[in-house]
Amino acid sequence: MRLPGHRRIIAAAAALCLLPAAILAQQVSQTRRTSNVPPKPSGATPRTPDGHPDLSGVWNGLGDNLLGVPNQIANNGLVIESESSTHDLHSRLRIATFPRNTNRPLNNAEAERAASLLRRVGSNRPIYKPEYWEMVKNLDANSNEEDPSNNCMPAGIPRAGIPSYIGQTPTYFIFIYPGQGGLIATQTMYRMIPIDGRKHTPLQELDGTYTGEAIAHWEGDTLVVDAWGFTSNTWFDQVGGYFHSENMHVIERFHRNGNTLTWTATVNDPDVLLEPWTTTPRVALLNPRPDAMLPESLPCSERDLAHIVTKEHH
Amino acid sequence: MPMKATIPGTLTIAVVAALWIQPVGAQSTLERAKVLRAAADALGMVRWTDIGAGATRLPAIDVVNTMEFQGSGTSYSSGRAFKTQYRVALGYNPAAMRVEMTRTGPAGGAPQRSIQTVRETSAWDESEIGGGLVPGKGTATAAMAAVKDRLLQLWTLPYGVVKAALAAGEKTTVSTENAATVIIFPLSGQLAGITVKATLDSKSFVTKVETRPDNPALADLATETEYSNYADHGEILTDIKSPGRIVRRQGGRPILDIQVKMWEANNPYLVFPVPPNVKTAAAANSR
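Protein chains in written order, with my numbering: chain S, 1 to 314; chain B, 1 to 287.
Keep in mind the hints are simulated off the structure, nothing from the lab. Treat each hint with caution, since some may be false.
For each label pair, taking beta carbons as the anchor points, the in silico distance ranges come out as [stated by the list, open to error]:
| hint | chain 1 | residue 1 | chain 2 | residue 2 | range |
| --- | --- | --- | --- | --- | --- |
| 1 | S | Glu302 | B | Asp239 | 22 to 30 Å |
| 2 | S | Glu296 | B | Pro94 | 56 to 64 Å |
| 3 | S | Thr34 | B | Ala179 | 32 to 40 Å |
Every residue gets a Cβ at the ideal spot worked out from N, C-alpha and C, and that includes glycine.
All chains, full assembly: derive it from the sequences and hints.
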């Protein structure tokens with residue numbers, strides 16, 4: 001049959017894209033976790049000579065697997081604490097939790113359908129103006145065709161989430177987001193973010209870009225990255241069809257505690273949103289190895305989309 | 001007199017409710033958990049995946065939050081039957097529901113459209129979808145007296161029944177009636193004082209849901225809903241099974257008979273922000 005064969009191709013492609021991360025994950029942790037509780041911080045927070053927290057290093061970021069910290073479900077705000085307890089971080093609602101009742105591996109269709117549901121079950125959703133409700137729903141339903149990050153385009157900000165590498169100097173930060181396979185197959189992105197007191201360029205003078213114009217400052221021990229000047233050709237979360245206008249303004253907050261980095265982003269887009277929306281906090285772990293490196297991203301080459309025959313999607 | 005006419009009815013409700021909540025013998029926690037898990041599994045509510053989390057073996061969770069379904073059939077009002085187009089958006093986190101009905105009477109005429117919405121402790125009617133949220137774009141009219149009735153529609157859907165029965169914990173009892181498995185549990189929150197009796201078929205699908213209020217003054221909340229023809233009715237397949245036909249009675253009278261054409265269970269983007277004027281009314285209502 002054609003469909004299973006097609007699914008095998010997708011699975012193989014996704015597996016190849018994730019291979020470097022998977023290999024590194026195996027080196028770090030051989031234990032399969034039964035919880036996706038955000039990691040607890042340990043150790044002291046190092047500081048730079050100017051007294052600010054040192055955020056530099058390799059963080060597990062969107063790749064999820066570098067330190068065995070699964071955050072794809074946590075990204076949508078569900079924390080599975082144990083085989084009998086899950087709650088929604090945004091609403092605090094308890095979610096019914098059950099032990100698995102079979103050891104049979106899910107086939108690809110079962111796994112994709114379940115993953116699609118799990119990624120959307122959280123309660124933290126941006127509130128669009130009512131005239132856009134149908135549009136958002138339809139964009140998500142048709143994301144195989146509509147997702148602007150398909151065909152190896154950049155994920156954009158804040159969809160890219162936590163950078164996998166942060167470089168820090170007294171006057172600028174470097175963020176690197178390796179290209180992703182799997183959930184979103186995207187192009188590698190980098191950002192050079194000044195923290196020298198400069199102000200934004202007036203919005204009307206900027207050509208929209210995927211990462212926008214970012215400037216940073218410290219609020220206590222929290223790094224605040226303020227960005228605008230975006231192209232409207234991105235969505236602002238991993239799933240959901242969350243489009244935005246060129247007037248989107250994003251405030252990201254990074255707070256290091258020991259070996260953890262907590263990130264949130266607030267999206268303000270009065271053209272399309274009824275109110276600003278803030279992501280559920282995500283937590284990344286620092287790669288503890290002193291020789292930690294980012295693996296090279298494989299070249300992104302989209303070959304699956306033309307063969308997709310249903311609306312099932314990530 | 002109307003008062004006399006209601007007394008036998010309310011007595012009946014009280015007696016039936018009392019009988020329902022009688023202990024059915026030693027109730028094993030295991031048996032209750034087994035029945036509820038089977039009902040949740042039949043609907044496809046309990047799911048897990050390892051995609052994107054290769055270092056984990058996470059347990060299964062309830063994946064139902066938002067859903068949208070639509071169909072057509074007949075609705076009844078004051079004894080009259082109306083051809084009805086029926087569209088429902090709903091969510092369980094937060095508990096909310098928007099019912100859009102377009103009805104045409106037996107004599108024809110212009111169709112009448114209504115949009116009835118509820119979210120947690122607030123209920124309102126919208127002149128258009130999302131009316132009252134943006135100045136100049138439709139209106140929202142508070143309908144606080146309808147909160148219980150609208151929430152009851154949400155929690156008596158098959159998914160609501162399983163969620164509420166699980167949430168009721170040890171107050172939920174499982175028994176057998178006429179060879180069918182029956183689940184009985186009390187609702188809570190806004191619907192405290194209402195007991196639900198759900199009947200499962202041999203495949204553990206919820207086929208009948210009856211509600212009985214303890215308080216005779218809430219006799220309108222005595223409902224009976226039948227669900228049949230379960231299948232995956234979504235354009236995007238999810239393996240979540242939904243009913244293909246819904247028949248609802250209230251106070252013994254038919255109020256709805258709908259054939260479902262589409263049921264999207266893929267947690268679609270559905271939101272239920274409370275309009276500012278309704279928030280004000282809800283605050284006044286709670287004082």
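Hints, one by one, checked against the model:
For Glu302 (chain S) and Asp239 (chain B), the Cβ-Cβ distance of about 27 Å falls inside the hinted range of 22 to 30 Å, so the restraint holds. Here the CB-CB span from Glu296 (chain S) to Pro94 (chain B) is close to 44 Å, at odds with the stated 56 to 64 Å. In this structure, Thr34 (chain S) and Ala179 (chain B) meet the distance hint of 32 to 40 Å, their C-beta atoms being roughly 39 Å apart.
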